[in-house]
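Participant: Since chain A is already given, all that's left is putting chain B on it; use the hints.
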Amino acid sequence: MIYTGETLQVSEAVSLINQTFEAALPAVLVEGEVSSFKVSKGKWVFFDIKDEESTINCFMPVFHLKTPLEDGMTVKLVGEPKLTQWGRFSLTVKNVAPTGEGSITKAYQILKEKLEKEGIFDPGKKRMLPGFVQNIAVISSEGAAGWEDFKRIVNDRWVGVNINFANVQVQGLASPGQISKAIDYVNKEMPENELIVIIRGGGSADDLAGFNNEQLVKTIAASKIPTVVGVGHETDETLASLAADVNAATPTHAATIIVPEINEFRSSIEESGKLMARHMELVFDSMQLLVSDSVNSIKSYFEDLFANAEQMTRLIKSYNPKDILNRGYSLLRREGGQLLTSPAKLKVGETVMIETDKNNISAEVKNVTKK
Amino acid sequence: MSQKNNIGDLYKQLEEITEWFESAESKDVEAAIEKYEKAQEVIKELNSQLKTLKNKITKIDANFE
Chain A
1 MIYTGETLQV
11 SEAVSLINQT
21 FEAALPAVLV
31 EGEVSSFKVS
41 KGKWVFFDIK
51 DEESTINCFM
61 PVFHLKTPLE
71 DGMTVKLVGE
81 PKLTQWGRFS
91 LTVKNVAPTG
101 EGSITKAYQI
111 LKEKLEKEGI
121 FDPGKKRMLP
131 GFVQNIAVIS
141 SEGAAGWEDF
151 KRIVNDRWVG
161 VNINFANVQV
171 QGLASPGQIS
181 KAIDYVNKEM
191 PENELIVIIR
201 GGGSADDLAG
211 FNNEQLVKTI
221 AASKIPTVVG
231 VGHETDETLA
241 SLAADVNAAT
251 PTHAATIIVP
261 EINEFRSSIE
271 ESGKLMARHM
281 ELVFDSMQLL
291 VSDSVNSIKS
301 YFEDLFANAE
311 QMTRLIKSYN
321 PKDILNRGYS
331 LLRREGGQLL
341 TSPAKLKVGE
351 TVMIETDKNN
361 ISAEVKNVTK
371 K
Chain B
1 MSQKNNIGDL
11 YKQLEEITEW
21 FESAESKDVE
31 AAIEKYEKAQ
41 EVIKELNSQL
51 KTLKNKITKI
61 DANFE
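Chains as they are written, first to last, in the numbering used here: chain A, 1 to 371; chain B, 1 to 65.
Do not take every clue at face value.
[Stated by the list, open to error] Which stretches of chain B does chain A cover? Using the computed rule of at least three CB atoms under 8 Å from a CB of chain A, they are: (1) 12-20; (2) 27-33; (3) 44-57.
[Stated by the list, open to error] When the alpha-carbon atoms are kept at most 35 Å apart in a straight line, the in silico DSBU-like pairs for lysine-lysine are as follows: (4) K345/A - K371/A; (5) K56/B - K151/A; (6) K274/A - K27/B; (7) K51/B - K224/A; (8) K112/A - K76/A; (9) K56/B - K274/A.
[To be verified] One side only, chain A facing chain B, incomplete, derived with CB under 10 Å: (10) Y3; (11) M128; (12) P130; (13) F132; (14) I139; (15) W158; (16) N164; (17) F165; (18) Q178; (19) I179; (20) H279; (21) M287; (22) L289; (23) S292.
Worth flagging that the hints you see were computed from the coordinates, not collected in a lab. All C-beta atoms, glycine included, are put in the ideal place defined by N, C-alpha and C.
Okay, chain A solo, but in the shape it has when bound (with noise of 0.2 Å):
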């Protein structure tokens, strides 16, 4: 081949080649097994990542690398080619992430251990779920399995719930800083939701890989508002799920115990409304024994009452004077009517008025005398 363009120094010929670079592959997705794996001064990662036939460099700031990697691991990586000043072809890694289940069981290890030390997944640290909950976020992709299944068992347990839902990946390389955004996005935007729902339905280990990120993992964990994760089948254990206020099985099982059940709600108040029912009876029987024992009561005072007045009454009738007159006995007056009470006061040749029972007799006094 005759090149016939200019002539360039090393350092512009390099220029180009990153500008190239840049233009025509700006990002290349590798597949291959990490060896020579080593951290340089804390800040630097690099690596080499190789099949049968080839190796390519790569190179990472620390901060970039969010999940374990260990030498003999097979893994995924997003990465910017580039020609180093000293002639050196390298990738610049974006996102790295194990795959296949060997080398993801592995990075899962690891990272666990790691992060348990840090306390993410302290039981303690767990908050109780809302209850009635209004406002709700989910994150999850549009038109996925899991969503489907959530959204139906809300619909059909409860009612009156806001859903915000913030459409994300949920597998691959992009799917644990998409997540991560959503979350902090609702955190500073939308704090109003009681509750952050993180679910995807089942899939194998590279696709459920995602969730075991730790960037991901600790973002749930760092959440204000309570989380729940629900990513899966049943037997699936992500750090995700580990790192969450409430891990639910699958995405069913998270809507399950998000929201009530109508019916045995419905239940539950009827069930309340009998028991005061009930109580309002009783209440309402002790009263009639208390008038009824008041009415007893009043009764008998009563009873006395006039048993007494009975009683009076005879004892005032045997002073009644008709009915001393009756007995033989007379009353004896002045001749002006006044009711002579000491006789010892009469005179001799006074009048008087003697009343008996059937005459009024006019006297003189002839003589008085003590007995």
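Facilitator: Chain B alone, transformed into the frame defined by chain A:
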């Protein structure tokens, strides 16, 4: 947006009244009648809300890529 007297608040009121009826204070007849009438109002409101409320789904208008 939360509706006035939401289901959670109403149910809590009902629970409190039910607990009151199970306490010694429920022998106070006047208070019992008042609480019972209040409970009937709460139950009526709860049943009304359960009949009329609907779930709502809103897509968050933001790009998470």
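Participant: Hints first: check each against the structure and report whether it holds.
Facilitator: Hint check:
{"no.": "1", "hint": "12-20", "verdict": "holds (count 4)"}
{"no.": "2", "hint": "27-33", "verdict": "holds (count 4)"}
{"no.": "3", "hint": "44-57", "verdict": "holds (count 9)"}
{"no.": "4", "hint": "K345/A - K371/A", "verdict": "14 Å, holds"}
{"no.": "5", "hint": "K56/B - K151/A", "verdict": "10 Å, holds"}
{"no.": "6", "hint": "K274/A - K27/B", "verdict": "18 Å, holds"}
{"no.": "7", "hint": "K51/B - K224/A", "verdict": "33 Å, holds"}
{"no.": "8", "hint": "K112/A - K76/A", "verdict": "20 Å, holds"}
{"no.": "9", "hint": "K56/B - K274/A", "verdict": "33 Å, holds"}
{"no.": "10", "hint": "Y3", "verdict": "40 Å, violated"}
{"no.": "11", "hint": "M128", "verdict": "14 Å, violated"}
{"no.": "12", "hint": "P130", "verdict": "8 Å, holds"}
{"no.": "13", "hint": "F132", "verdict": "3 Å, holds"}
{"no.": "14", "hint": "I139", "verdict": "9 Å, holds"}
{"no.": "15", "hint": "W158", "verdict": "7 Å, holds"}
{"no.": "16", "hint": "N164", "verdict": "5 Å, holds"}
{"no.": "17", "hint": "F165", "verdict": "5 Å, holds"}
{"no.": "18", "hint": "Q178", "verdict": "4 Å, holds"}
{"no.": "19", "hint": "I179", "verdict": "8 Å, holds"}
{"no.": "20", "hint": "H279", "verdict": "4 Å, holds"}
{"no.": "21", "hint": "M287", "verdict": "6 Å, holds"}
{"no.": "22", "hint": "L289", "verdict": "12 Å, violated"}
{"no.": "23", "hint": "S292", "verdict": "15 Å, violated"}
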